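Asker: Work out the full structure, taking the sequences as your base and the hints as a guide.
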Amino acid sequence: MVYITPILALTLTILTGMLLFSFLGVDPVEALRNFFIVPINNQYGATELLVKATPLILCAIGLSVGFRANVWNIGAEGQLTVGAIFGGALFVYFPETESVFMLPAMILLGAIGGALWAAIPAFLKTRFNANEILTSLMLVYVATLLLSLLVHGPFRDPDGYNFPESKIFTDSATMPILLEGTRLHFGSIIALLAVLTTWIMLAKTLIGFQVKVIGTAPKAGAYAGFSQKKIIWFSLLFGGAMAGLAGISEVSGPVGQLLPSISPGYGFTAIIVAFLGRLHPVGIIFAGLLMALTYLGGETAQINLGMPVAVTGVFQGMVLFYLLACDVFVNYRFQLNRFGKAA
Amino acid sequence: MNGFEWVVPVILTVITAATPLVFAGIGELVTEKAGVLNLGIEGMMLAGAVTAFVTATLTGNYILAVAAGALAGMFMAFLFGVLTLSLMANQVATGLALTLFGIGISALIGQDFVGEPVKALEKLNIAGLTDLPVIGPILFGQDALVYLSFFVVFAVSWFLFKTKAGLILRAVGDSHDAAHSIGYSVIGIRYLAVLFGGAMSGIGGAYLSLAYTPMWAENMTAGRGWIALALIVFATWKPGLVLVGAYMFGGITILQLHAQAAGLDLPSQVLSMLPYIATIVVLVIISKDESRIRKHAPACIGKIFHPAA
Amino acid sequence: MKFKTMASLLGAAAVAGGMLVSGAASAEDKIGFVYVGPVGDHGWTYRHDIGRQAVVKALGDKVKTTYVESVKEGPDSERVIRQMAASGHKIIFTTSFGFMNPTLKVAKQFPNVKFEHATGYKRADNVSTYSGRFYEGRYVVGKIAGKMTKSNIIGYVGSFPIPEVVRGINAVALAARSVNPDVQIKVTWVNTWYDPGKEGDAAKALIDQGADIILQHTDSPAPLQVAESRGVWAVGQASDMNHFAPKAQLTAIIDNWDKYYVERAKAALDGSWKSMDTWAGLKAGMVELAEFNKAIPADVVKLASDTKAGIMDGSIHPFAGPFNKQDGTPAVAAGKNLEDGVLLGMDWYVEGVLGKLPK
Chain V
7 MVYITPILAL TLTILTGMLL FSFLGVDPVE ALRNFFIVPI NNQYGATELL
57 VKATPLILCA IGLSVGFRAN VWNIGAEGQL TVGAIFGGAL FVYFPETESV
107 FMLPAMILLG AIGGALWAAI PAFLKTRFNA NEILTSLMLV YVATLLLSLL
157 VHGPFRDPDG YNFPESKIFT DSATMPILLE GTRLHFGSII ALLAVLTTWI
207 MLAKTLIGFQ VKVIGTAPKA GAYAGFSQKK IIWFSLLFGG AMAGLAGISE
257 VSGPVGQLLP SISPGYGFTA IIVAFLGRLH PVGIIFAGLL MALTYLGGET
307 AQINLGMPVA VTGVFQGMVL FYLLACDVFV NYRFQLNRFG KAA
Chain L
1127 MNGFEWVVPV ILTVITAATP LVFAGIGELV TEKAGVLNLG IEGMMLAGAV
1177 TAFVTATLTG NYILAVAAGA LAGMFMAFLF GVLTLSLMAN QVATGLALTL
1227 FGIGISALIG QDFVGEPVKA LEKLNIAGLT DLPVIGPILF GQDALVYLSF
1277 FVVFAVSWFL FKTKAGLILR AVGDSHDAAH SIGYSVIGIR YLAVLFGGAM
1327 SGIGGAYLSL AYTPMWAENM TAGRGWIALA LIVFATWKPG LVLVGAYMFG
1377 GITILQLHAQ AAGLDLPSQV LSMLPYIATI VVLVIISKDE SRIRKHAPAC
1427 IGKIFHPAA
Chain C
10 MKFKTMASLL GAAAVAGGML VSGAASAEDK IGFVYVGPVG DHGWTYRHDI
60 GRQAVVKALG DKVKTTYVES VKEGPDSERV IRQMAASGHK IIFTTSFGFM
110 NPTLKVAKQF PNVKFEHATG YKRADNVSTY SGRFYEGRYV VGKIAGKMTK
160 SNIIGYVGSF PIPEVVRGIN AVALAARSVN PDVQIKVTWV NTWYDPGKEG
210 DAAKALIDQG ADIILQHTDS PAPLQVAESR GVWAVGQASD MNHFAPKAQL
260 TAIIDNWDKY YVERAKAALD GSWKSMDTWA GLKAGMVELA EFNKAIPADV
310 VKLASDTKAG IMDGSIHPFA GPFNKQDGTP AVAAGKNLED GVLLGMDWYV
360 EGVLGKLPK
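Residue numbers (my numbering), protein chains in the order written: chain V, 7 to 349; chain L, 1127 to 1435; chain C, 10 to 368.
These aren't lab readings, by the way, just hints derived from the structure by calculation. Remember, predicted model here, so these are calculated numbers, not experimental data. Treat each hint with caution, since some may be false.
Covered by chain C, per the in silico footprint, the following chain V stretches (three or more residues, Cβ under 8 Å) [unchecked claim]:
hint	region
1	149–158
2	292–300
3	309–316
What follows is a set of in silico ranges between Cβ atoms, one per label pair, in the way DEER data are often shown [stated by the list, open to error]:
hint	chain 1	residue 1	chain 2	residue 2	range
4	L	D1391	V	I20	56 to 64 Å
5	V	I206	L	K1429	25 to 33 Å
6	V	L185	C	G97	20 to 28 Å
7	V	I20	L	K1429	47 to 55 Å
8	V	L184	L	E1242	29 to 37 Å
Note that the Cβ used here is the ideal one computed from N, Cα and C, for glycine as well.
Answerer: Written out as C-alpha cells, the structure is:
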C-alpha cells in the first residue's frame, strides 16, 4: 500500500491540476508538462534540481532526528543562517588564503555555527524548561538580523561601494563543481553523506535507538534509563549542525558570497520535506527532490506560460495536500497491522 | 501631563499592533487545546485579510466584511481539518502547506484590488467619554474589533475553564483515547476547535486589511502568523497570557522604533532583535515551574487520533 | 494581468474575467523581466511591471514579454535568469540589486543575449546597468518639506541602510536645511522593504516624536495612510499614492522605467544595443514627481518647480558644496559637487540627520 500512495497522489494531482488550469484558461496538459517535465528534461535542469534540493535535504535530515524524538526544533532557518555566518566569516577575515584547508575549515565552522545556535534552545530547554518551539523560532529572526548587521557593516566588501554584500568567495573558499557547465557542487555530496550517516546512526547505533524509543515511548525510554536531556541536546545539536552545513554549502556554493538574505526559507520548507519523507532518510531524499521540483516547475510555468506566481503557489499547496492526504492509506495500514498483532 | 504626552499615542499604536496577534493567537490556542497543531495561521490570516478587504470594497459593509474574513479563515481551516482529522495527514506539514496555499490563493483573489484604499474601520467616539484625558482615547476610542479581541479572550477563558463543553474540549486535547472511550466525538470536537481557530485567524487578517493598514497587499501578514504561534507557547496555553504576550511583543516593537527615532546610538538591527530576545527571556523566567506548564499544555498536541484504536 | 481574479472561488464576488494568452510559442522575439517582489506590491516591482506593459504597448505583436515574480536573490535568481536566456529571450531585465552577480554569471554563458541590471555597478559587454537618480526627486521634496514643516522635524522611514537610501536621506536634509536651517531628520529603520504594519508603526513613532512630515524609502503606502489619519504631511514612494492619502500626500517620487525599457528593447531587437551605464533622473523622466498637493502655498510650489527646473537644466546639483558631514567635517568644498563615485557608495549622514549609521 505504501508504494501506491505516491501514485495515487500523483493521479489526483494531475486530475485536480487539470481542472484548476482549465478553469484559469491554460492548456492543462501544457501546464502540467511545464511543472513536472520541462524543468528537468535536460541535463542542466536535472542538476538544478539537485542544487535546489541540497539545502532542503540537509535541513530536513537534521530536523527528522529531532522530530523522531519529539524535539520541536522549527528554527533550522536560523541555524542555517548562523552556519553561513560562521563559515563565511573565515573567508571574510582571510580572503587571501589559498590553502586547501580553507574550504574544509569553512564547512566545519558552518556545522559548528549551526550547532551553537541550536545549543541555545537546547540549553534553555534542559536548564530552564523553555519550550524549544518558541526559542528556536525567535532565534531565526535574531539570526537574520545578525546577518543583516554583519553584511551592512564589518563583512561588506571594501570595494563594493558599501552595498551590503561580502567579497565574492575565491576558488579555495568555494565548493568544487561536480559537473562542468552546471552548478552541481560538492554540497550535494555532503547532503548524501549526511543522509547515509543519519540512516546508519538511526539503524545501528545506541543513540539512534534512544532517539527512536524516547520519541515513540518516552516512558519505556525512562525505564531503560535513557536520558531525556541527553536526547534533547543531541537532536538539537545534530539538527543545528546539518542546517549549518546547508548554510555554508549555499554561501560557498551557488550563492558564492554573504548576502543579507541567503535562504528563501529553506529551514521552514525543510519541515514539510521531513514529514513528507515520513522522517525516513530515503523518504527525505525523494521528498526534497519533489519539493524542489515544484519550485522549479513554478518558475518554468511563469516563464513559458505567463502564469502568475500566485497560481504556482496554489498549485504547489495542492500537490502537498494530496501527498499528505494520502497518508491516510499508510495510517490505515498501520491500523490493520495493529489489529493483526492484537488479535 | 508634562513630558508624558507621548504615552497615550504609544499605547494606541501598541493596541493596533497587538490586536491581530491576539485574534490569531487566541484562535490557535483553542485549536491546540483540543490537541491539534495548525501551523497554517499565516495562510488563514491572509485568506481572511483579502476576503474582508474585497467584501468591504464591494459592499461597503464592514460587519459583512469581518464576517467574510472569518468565513474565509474557516474555509482554510476546514481544508486543514479534512486533511489532518479525516484523512489523518501530518499536522505540522499540512499546516505549512496551508500557508503556501494561502499565500497563493489570497494573491490570486486580491490581484485586482492591489493599490485600492478602503476607509479604515470606524473608531468609537462617545462625546464626553472619548475626550477624557489619557483614558478617553485608550478606553473609549478604539474600533469594534479591539473590543471584540478582549471579549474573545475572556470568553475563551470562561469557556475553557468554566463550562462543561470547555472541559470536554480540554479532555480531547489531553487524552483523546480517554475522551473517545467515554463517548465523545474526538474528531467532531477537533473540527469545531480547528474552525474556531480559522475564524479567529480570519478576523485577525481582516483587522490587518481593514484597520491596521486599510489596504490589500500580497503577503501583508509579513510573518505575524508565526509570532502568534510563538505567543501561545509563551502564554503556556493560558488565554489571558496570550493577551499579555501580544501586548508585550507589540509594545517592545513600538518602543524600539521610538528608540531609533530618538536617535539611540545602537544599530537598528540590534534594536529590532529586542522583541524576539525579550520573548525568550520572559519565557525562560516563567518556564521554571515545570509542573505548571505541564498542567496547561495539551498532552495530545499534534498527535493523530485513530478512532478505531 | 493575464489572469483575472478567482474571487468567485470563495464566493466573495464575481469580477469580470479576462482572457489570457496561450502558451503556444511563436516566432516573435521574447523579452524577459525578473522581479524581486510580486507585481502586486504597488511599489518597486509594480512600477517595473508598468514599464514592461509599456514595452508591450510600444512594440505590440513583434514581441512577447515574460516575467517571473517574487524571485529570491541568490541561487534562485541565477536559475531563472539562465532559464530565460536559454529559452530564446533577446534581452532580459533583472530588476533588483541582489541580481547583480547572478546576472553577470549568466551573461558570461550567453554572450548573444543582452542583459539589463537595475541599480548595480558591474557591467560587461552584454550587461548594461541602469538606475534612477531618485535623490534628485528627494531634493525637490526636501525643499517642500523644509518649508512646510512647523515642528522642524522630518520623519524618515528607512528600509535598510544601503547607499541608495542614505543618499535620499541626505538629499532631503540638504534641501530642507537650505530653506530652513533648523530642520532635523529623524530616521527609523524597519529592516524590511515591505511590511505594511511595521512601516505604519514606524511612521506613528516618528509622528509621536514630533515629526510633521513623513518620508519613506519602503514599498507600501502604509506610512501615507498613517500621515493621513494623523493629519500630517507625507510623500509617496515609487508610484503616485495619492488615493491612499489625498490630503496628506504633498507629492510622490515616481519611478518611471517606461521610456528606458522601450528604448532598450528596441535597441536589442534592431541590433543597435550597446553596453552602457544609465543613471538618469528628472531630466530623462526616469524620476518624476506626482502632482503637488493643492494645499502647498504658491511660493513653495514655485520654489519646488524652480528647483526641479534647475536640476533638469543642470544649474542645481543636490550635492553641491559646501556642506558638512554629520560630525561636522567638510564633505565637499564650495564650488564643487560630490562626485558620482562618492554618491554611489554613500555611507555617512550629512549635518541635520539624527542617529548613527551602522558600520
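Asker: Out of the numbered hints, which ones does the structure contradict?
Answerer: 2, 7, 8
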